[in-house]
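Asks: Residue 1 is where the sequence shown starts when you use our numbering, and the numbers rise one by one after that.
Any given hint could be a false lead.
[Said to hold, decoys possible] Computed Cβ-Cβ distance ranges for the label pairs, DEER-style: (1) THR84 to LEU25: 15 to 21 Å; (2) ALA114 to PRO54: 16 to 22 Å; (3) THR84 to GLY64: 27 to 33 Å.
Please keep in mind that the hints were generated in silico from the structure rather than gathered at the bench.
All C-beta atoms in this analysis are idealised placements derived from N, C-alpha and C, irrespective of residue type, glycine included.
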Amino acid sequence: MAARGRKPKGRSAFSGLSVIASAVLLFMVALPTFITLTVGLLPSLVAFIFDRSPGRMMARCVFGLNFSGVAPYILELWQDGAQTVGGATQQIFQPLALSIMYGAAGLGWLLYLAMPPIVANVLNLSAQRRVTELRKNQRGLIKTWGDSLIKEVDRSS
C-alpha cells in the first residue's frame, strides 16, 4: 500500500522554473557569458530534449563533456576582462573554439553509445571466469568425495 500524503516521484515544476530563472538572471547580469553558454551548450540542449529515459543518462553524459569543452572559453572570457558582447561573439565564432565545444559534446555522445557494450563484455567475461572457477572447484570436490556426491545432490534436488 502506498503511504498517504506522499506524492509520486516525478519532474518538479520547481526545477524547470529554477533553470529558467537562472537563465534570465544570467542574461541580465552577464550577457557575454550567457551568449557563450547558449551557443556552446546547444548539443546538451538537444540531448536533453530528445532523451526521455529515466535518469536522462544520455543528457548527463553529453552535458558533462560539453560543459568541459565550453568551460575554458568561459574562464578566458572572465579572466581576460573581455566581458563584452563583441568579445564573446568573436570568441564563439572562431572555428577552433566551436570545434572544441561541439567536439567535446560529440565525445559525450560516443561515450554514451560505446559504454553499454563495453560494460556488457566486461560483465560477460567476469561471469565466464567465475563459471570456470566454480567448475574447477567442482572437479576438486568430485576428486575428493567421489561420484557419490553427485548422486546425493541429484536425489536431494
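Asks: So, for every hint listed, does it hold in this structure?
Replies: Each hint, compared with the structure:
Evaluation of the 15 to 21 Å hint for THR84 and LEU25 yields a pass: the beta carbon distance comes to about 19 Å. Evaluation of the 16 to 22 Å hint for ALA114 and PRO54 yields a pass: the beta carbon distance comes to about 21 Å. Against the hinted window of 27 to 33 Å, the Cβ-Cβ separation of THR84 and GLY64 comes to about 29 Å, which satisfies the hint.
Hint check: no violations occur; every hint is consistent with the structure.
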